[in-house]
Amino acid sequence: MNTRTIDTHTVNTHTIDTSTPVIPADAYDTTAFYADADAIATVTNPTAPDAVTLPSEDASTAELLAAAQEAGRRAVPAPLAETALVARPLLRRAGLPVPEGPLSYAIAPELTIRYAHPADSPVGSAGCLGEDDTLLVTGTLPRVPWGRAATAVVVLAAAPFGPVLFTLTPDLADLAPGGNLAEEPRDDLHLAALEVPAAQVRRIAPELLDEARLRAALARAALIAGAAERCVDLTVAHTTARTQFGRPLSHFQAVKQEEARLIEEAALVRAAVRAAAVPLDTGGPAVRLTVAAAKTQASASAAEIARIAHQLHGAIGMTRLHPLHLATTRLWSWRDEDGDETHWAHCLARPLTAATLWPALTTTP
Amino acid sequence: MPSPVAFPDVALPESARRLRGEVRAFLDEERARGTVLGRPDSWLAGWDPGFSRRLAERGWVGMALPTEYGGAGRGFLERYVVIEELLAAGAPVSAHWVSDRQAGPSVLQHGTEEQRRFFLPRIAAGQCFFSIGMSEKSSGSDLASVATRAERTADGWRLTGTKMWTGGAHVNDYAIVLARTDDAEDRHAGLSQFIVDLRAPGVRVEPIRLMSGEHRFNAVHLEGVDVPDGMLLGRRGDGWQQVTGELAFERSGPERYLSTFPLLVSLLRELEQRRATAEQLTQVGILTARLLSLRQLSLGVAAALDAGASPDTQAALVKDLGTRLEGTLVDTVRSILPTPADPYATPGSHPELLAFALLHSPGYTLRGGTNEILRGIITRGLEQHS
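Chain order of the listed sequences is X and W.
Residue numbering for the first sequence follows the numbering used here, starting at 134 and increasing by one per position.
Residue numbering for the second sequence follows the numbering used here, starting at 0 and increasing by one per position.
The hints are simulated quantities; they were obtained by calculation from the structure and are not laboratory data.
Keep in mind it's a predicted model, so treat the numbers as computed, not measured.
Part of the chain W face toward chain X, derived, beta carbon under 10 angstroms:
#1 L11
#2 R23
#3 A87
#4 L270
#5 E271
#6 Q282
#7 L291
#8 L373
#9 R374
Ideal Cβ placement from N, Cα and C applies to all residues, glycine included.
With the hints as extra help, turn the sequences into a complete structure.
So this is what it looks like as structure tokens:
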């Protein structure tokens, strides 16, 4: 089923070159996706300033979210959101150096982790020979986003002495390629007693595991917000340009009604994502609430946004001749990744009571 | 040009945080008094002039009006904080609602200096309550078709016609009435606004009862009502522009998504008694996420108004989303905890609140412009932009 011949590894390492903090959209090798020249022209608009800036490492969360949203809108074939919003901040929080290039992450509590030193040796974290956190890691990191294209994968896992964060290079794993509905790489990385040197391992507070889940969910929500916006752009363009029965589609009342709902739903997702930006920078109880709300809303809206966009595009929307599929297949994939709406809605509601609901809703802005 | 559906970011000032605390303390006092009952749709149905006056004493009516006219000069964002607290608590705010939301800003913007000096301090003091006389039997969303006429007299105007859906006309002091002063080919021209004393001779108020039996709305018959020149609001013939200019105030506020919020609070109270299931929590979470997102959009419109913009398209968008959520909330609450709605149950109990919210629910997507018309505004806004 995967008919794509594109070498995502090559494409992505160069598109997310951090020394030049711009990802040109023409790096999106559409020829690998399309045979039709006209369709390619609609994907890469040569007149637009078509590039997504990868923000610098000290950018605010709001700026990172805006960049991730733009990457989602343009279906950028690189782990921009994963790098900027998840991997880099986690590495910094754990005190590990941030590698160049595209990064990915895996939250994998089910890995089997042992000390690399022999079990009967006295060496250990409190052992007589001092600390040696070199680990032997066995198990599978499932569906790692852009796994094959990442310079390094940031892994959060449970070690014998508590939660750890470590980095590994995908080359060291046995990689089973996979993908999501949008054919974005989602690769299984099999690790068989892989030795991770202590220099790449950091013990972390359990809160950082939590933060990793929240960051991943928010990054995904921002991507969804971008893809939703793309659906709006494409749909408005289509209904204004396409005529039926002698007038533009957009002049039909029934079309207006649906189109407005699409525009609204996309605005709602954008607002939900934006509401989480400041709390993530400042910390506090609003972080969990706003991130859970953002991913819940983004995932819950995806179906309606894709449904209306496709309905208003008619049959062309479900072909590869038209770029709409770039957005909708991503919406359908991203809504389930890093926690779907059921998961996050449950997290959101669990602590709420009649007395705390309104105070919770008004903790921001 | 920014997109007509872009919303500014909002950061509430520290003063707003303090203000929220003060309003919550005030609401606690009022709850102890028995005036705040946590009822749905309290901005339509919660009529309590005493409550409105006590709010006004704190400076929380006419908050955005300048201090020289008796207002608090605190802007739309601080006003937003106060009114969202009142609505979430289900406080009885309907007596002053229209004066605070529309009549005040409208008189400030279009009124003569004399009108401002007379009405605005009274509005801010909670002593002068307004109705809006726009709709008519044959003109709902098609406001340009109003048939009420204002004929020139020696020292003013004589109004003849019937206004429909005039909320509170039986208990309020004045109504802002849209009437045709001049015949024009363009239906939008020749309309003017008047401030009509609801107790003037020739005003006959006839109740229109809701299906719940409540008397909130009226048909107001203007049977040759004399209105002095000084009560023309704004300029003769500018009625249409004036009315449409007010729509962002009318359409974007938190009342457009919070009417049924007290029912969700009531549901959570019920769920606390019986240990909610995962499925119930998930549904509550989905509603909560939507409320949080919508509040963000609604605050965005308040921020735009505060900055002096006219966010008409954004306001239409918020109102369509918000009022649909008000209805969805009622249906979802029903499905989360199946409960027969019962208007005869103890007032304030969950079955009684559910009955009340249900009986009011068809109105949410009608009042302030039907949602189908609003959606036309939204798509037009975006298409003209792109």
